[in-house]
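Chemist: Below are the chains, spelled out letter by letter.
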Amino acid sequence: MKYRLADLAARIGAELQGDADCEVDSVAQLQDATAGSISFLANSQYLKHLASTRAAAVILSPELAVQAPGNVLVSTNPYLCYAKAAALLHPQAAFTPGRHPSAVIDQSARIAGDAWIGPCSVIEAEVEIEGGVFIGPGCVVGRGCRIGLGSRLVARVTLCSGTRIGERTLIHPGAVLGSDGFGLANDEGRWIKVPQLGGVVIGNDVEIGANTTIDCGTIRDTIIADGVKLDNQIQIAHNVEIGENSAIAGCAGIAGSTKVGRNCTLGGGVGLAGHLEIGDNVHFSGQSLVTRSFDKPGYYSGNLPAVANGEWRKTVARIRRLDDIMQRLKAVERRLKALDSQPQKGD
Amino acid sequence: MKYRLADLAARIGAELQGDADCEVDSVAQLQDATAGSISFLANSQYLKHLASTRAAAVILSPELAVQAPGNVLVSTNPYLCYAKAAALLHPQAAFTPGRHPSAVIDQSARIAGDAWIGPCSVIEAEVEIEGGVFIGPGCVVGRGCRIGLGSRLVARVTLCSGTRIGERTLIHPGAVLGSDGFGLANDEGRWIKVPQLGGVVIGNDVEIGANTTIDCGTIRDTIIADGVKLDNQIQIAHNVEIGENSAIAGCAGIAGSTKVGRNCTLGGGVGLAGHLEIGDNVHFSGQSLVTRSFDKPGYYSGNLPAVANGEWRKTVARIRRLDDIMQRLKAVERRLKALDSQPQKGD
Amino acid sequence: MKYRLADLAARIGAELQGDADCEVDSVAQLQDATAGSISFLANSQYLKHLASTRAAAVILSPELAVQAPGNVLVSTNPYLCYAKAAALLHPQAAFTPGRHPSAVIDQSARIAGDAWIGPCSVIEAEVEIEGGVFIGPGCVVGRGCRIGLGSRLVARVTLCSGTRIGERTLIHPGAVLGSDGFGLANDEGRWIKVPQLGGVVIGNDVEIGANTTIDCGTIRDTIIADGVKLDNQIQIAHNVEIGENSAIAGCAGIAGSTKVGRNCTLGGGVGLAGHLEIGDNVHFSGQSLVTRSFDKPGYYSGNLPAVANGEWRKTVARIRRLDDIMQRLKAVERRLKALDSQPQKGD
Chain A
1 MKYRLADLAA RIGAELQGDA DCEVDSVAQL QDATAGSISF LANSQYLKHL
51 ASTRAAAVIL SPELAVQAPG NVLVSTNPYL CYAKAAALLH PQAAFTPGRH
101 PSAVIDQSAR IAGDAWIGPC SVIEAEVEIE GGVFIGPGCV VGRGCRIGLG
151 SRLVARVTLC SGTRIGERTL IHPGAVLGSD GFGLANDEGR WIKVPQLGGV
201 VIGNDVEIGA NTTIDCGTIR DTIIADGVKL DNQIQIAHNV EIGENSAIAG
251 CAGIAGSTKV GRNCTLGGGV GLAGHLEIGD NVHFSGQSLV TRSFDKPGYY
301 SGNLPAVANG EWRKTVARIR RLDDIMQRLK AVERRLKALD SQPQKGD
Chain B
1 MKYRLADLAA RIGAELQGDA DCEVDSVAQL QDATAGSISF LANSQYLKHL
51 ASTRAAAVIL SPELAVQAPG NVLVSTNPYL CYAKAAALLH PQAAFTPGRH
101 PSAVIDQSAR IAGDAWIGPC SVIEAEVEIE GGVFIGPGCV VGRGCRIGLG
151 SRLVARVTLC SGTRIGERTL IHPGAVLGSD GFGLANDEGR WIKVPQLGGV
201 VIGNDVEIGA NTTIDCGTIR DTIIADGVKL DNQIQIAHNV EIGENSAIAG
251 CAGIAGSTKV GRNCTLGGGV GLAGHLEIGD NVHFSGQSLV TRSFDKPGYY
301 SGNLPAVANG EWRKTVARIR RLDDIMQRLK AVERRLKALD SQPQKGD
Chain C
1 MKYRLADLAA RIGAELQGDA DCEVDSVAQL QDATAGSISF LANSQYLKHL
51 ASTRAAAVIL SPELAVQAPG NVLVSTNPYL CYAKAAALLH PQAAFTPGRH
101 PSAVIDQSAR IAGDAWIGPC SVIEAEVEIE GGVFIGPGCV VGRGCRIGLG
151 SRLVARVTLC SGTRIGERTL IHPGAVLGSD GFGLANDEGR WIKVPQLGGV
201 VIGNDVEIGA NTTIDCGTIR DTIIADGVKL DNQIQIAHNV EIGENSAIAG
251 CAGIAGSTKV GRNCTLGGGV GLAGHLEIGD NVHFSGQSLV TRSFDKPGYY
301 SGNLPAVANG EWRKTVARIR RLDDIMQRLK AVERRLKALD SQPQKGD
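Residue numbers (our numbering), protein chains in the order written: chain A, 1 to 347; chain B, 1 to 347; chain C, 1 to 347.
Because the hints were derived from the structure by calculation, they are not lab data. Backbone N, C-alpha and C fix where the C-beta goes; we use that ideal spot for every residue, glycine too. Hints are not guaranteed to be accurate.
[Stated by the list, open to error] Here are some of the chain A residues that sit facing chain B, going by a computed Cβ distance under 10 Å: (1) A35; (2) L47; (3) F95; (4) R99; (5) W191; (6) G271; (7) F284; (8) K296; (9) V307; (10) V332.
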């Protein structure tokens, strides 16, 4: 897709400094850019490439705009403008509606005429698929699922029975929604399965990463609200609720019945224990373990970054001896106190 | 399914206090329950909903039974009774045996007449599938696999060649059993693959979660004993053995050749190093890293729960300075000792 | 496959001590070995089984060779010799080239005559598949992918559009390559998707484990170099680059734009933050969190191994009180200093 810089600037909400008629048709990194491409700089680590870039224009913050060698699209949020420009210049390929002959579709399924059901996908009974939905190859859509307008299952996605997906939601390969939660009652050492009777409800404009899993609720539903973004390999247990516009990085896990508020972020590998309540605007850094509720907005951490092994061994040994350190400190304090109260010779 | 309370009580091993003829047909949470449903209370966090519930009956411990407004099913293990009641009131849907025409089944496979092979599933040569087995859509059952009576592959499960599954075992979507273990020998910097020749043996009444992976053994088999319950996204490496009735929460990982005993539990995200021996009744809390064998029953931990970021930064800095703290403490001790032995003026 | 010991020794680069004409046809563990099998000892933990083994021959280091009861294949790298012997004695089954009739293959795909496309696999437009490639059942190969000579997709692998795979590369079930990276720009609280326009490039002789995910690049490609070995359930984010012969254990995660050098190893569950540069020959132990670049070869750690729960609770409490310990230590030091400078009575 080709745009005049002036038109592109208007569409992405940036201010153009330079040649309004210059045409661009692609995005590129600063160091790879060519005459037809625009680039951006959102991370100062890459500032070194700015002076020598051959990009037709660069999206920059007002502070950096003065350093650019050529055309600039100025914005207080360059990364957002870049995202919009990339979507305009590289629009997603349209698809031809229909059903691949190898798809297995139950006759009770209601599928909009402008949806696509890909090869080797299976659509079970009483499924409802709305307009513009794209079901890629190898998907399984279980009995009674509903998929809203314009949502997209890329490939090999599994929706277990009764899963409901909102509009414009994007689900990547290998994701599994609606699998049984891990509900077990103990009967004198043996585990008895607790039937998992609830569903999964996914809102609008949600994105769910590759091989992420979201279990159905035990009785009620597991709920992922509008605008939530989930990276790859995330595990969401039964009865979890995630509030609007929260974003969770890869390999995070949330145990059963925990509620996460709106506009939260979880770093990669974060683990939330079960039955917690996390408020709005709460942020956990990567690999933090969360064992209690946090209702106050803010940043929370609980991890120990890697250091050289020798240093680390000493640190672990010292941590193991903290009790000893404490006892010895107390002994020193007692001794000093005794010294203070001791009558000096000659008094 | 509809039950008289008296009949249900007898079936789930609870004592009925109230109307024997009252009929129920579903389970519900306390706050959502209606006249036809039963509920339960296993977590005191939800006690506030007891007084106002509209449930036909509530499953309660003897201590709480007196607080209930209506019919009570009394049990010393309410959650277990609930599990049994839910299974009776909401039995799993039966399936019609057969083979979907889109399934690809090798003619050497032996499949019981009352099993079901779902659409787009692939059954390779010399597979044996026993009575009542359900193979959902999109599964792959590799050459020579055996699946015992009444087991169930929900959808898109992969069993690599030679995997053996016991009876009444339930495997959720995306699980992969029998993939090659991570066996590598180093040849002057290059990694040479160690052929993975063993199999995977899964016992009876096992449950395996969505996207969980269990590698085959290097020479012998990887073994998951009867009654083991595995949550989603767990990684079990080659040659691991897990004893009866152990339960492992999501995102845990067990490295090669480690043996876990019976009735153990691993919290979410726990990591076990390779070649360890974990005894019976050993329990690890979430995200613990286990680097040595534990043979004594008990609870073990190794994680640092998240706190506010500012507090955390200070803590990490202090941990980094533990060596300095120790040195300064020793200096103080030496100084005090010197003071003690120092002759006082005038002696 | 059957070999004379003398021939096998020559093929695997070991020195035979014993009967050159003895024939072997399989590998086995020391304690299970029979007259026709060879065994090995690479971990001293299993030395107890050496004296009583019935193996036809044992692969051993020079130090242990004297302890063996029978024929010995001596090598300074017994595990490597074992790997080679196992590959010779148990060669991978050959496959008959062709296309299963249930495979869905776009007519624009170019597929070598000696490749195999398995049942229920989907090959999209403009795919190129070279000689000797094996595509197992249930795979999806997206538009424009290229797969080099002799590579193997075991089953249910997904390659999203534009993924390029080198030669002799092995990909296990459930792996997803080329899924969208987790790129989001924030627009006053709402997340806007950053189009993910790059690809994934996988080198030669790479192995990718079950349910591992590798995202495509944002603009450039995500790159996995020759000889890299990835275990199961690993998450590789967009724009990551991994250098030759690095090996990564299960459940590790690498965040966006991080570069890992050559011959590195990451233990299970290791997490690397984004935008880091890790040099060659850098090694992280299991579950370490890496938040800064490391360019110096060496071993690095950042984890706290599990201990008994009571001990752990005390340790966590002490860690929380490190600030208090530091303050009290400083007070003691000040007091001592004051004592030193205090004029003694009688001076």
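Chemist: Does each hint hold? Answer for all of them.
Modeler: A quick look at each hint next to the structure:
About 43 Å separates the beta-carbon of A/A35 from the nearest beta-carbon of chain B, more than 10 Å, and the hint is not met. Interface hint status for A/L47: violated, as the beta-carbon distance to the closest one in chain B is roughly 27 Å, over 10 Å. At its closest, the beta carbon of A/F95 sits 21 Å from a beta carbon of chain B; the interface hint therefore is violated under the 10 Å criterion. Hint status for A/R99 relative to chain B: violated, with the closest Cβ pair at about 14 Å, above 10 Å.
Of the supplied interface hints, the one on A/W191 holds, with its beta-carbon coming within about 5 Å of a beta-carbon of chain B, less than 10 Å. Because the beta carbon of A/G271 sits about 5 Å from the nearest beta carbon in chain B, less than 10 Å, this interface hint is met. Interface restraint check for A/F284: the shortest CB-CB distance to chain B comes to about 6 Å, inside 10 Å, so the restraint holds. Among the interface hints, the one on A/K296 holds; its C-beta lies about 9 Å from the nearest C-beta in chain B, closer than the 10 Å criterion.
Checking A/V307 against chain B: minimum C-beta separation of about 8 Å stays under 10 Å; hint holds. Given the 10 Å rule on beta carbons, the hint for A/V332 holds: about 5 Å separates it from the nearest Cβ of chain B.
Consistency note: the structure conflicts with the earlier hints numbered 1, 2, 3 and 4.
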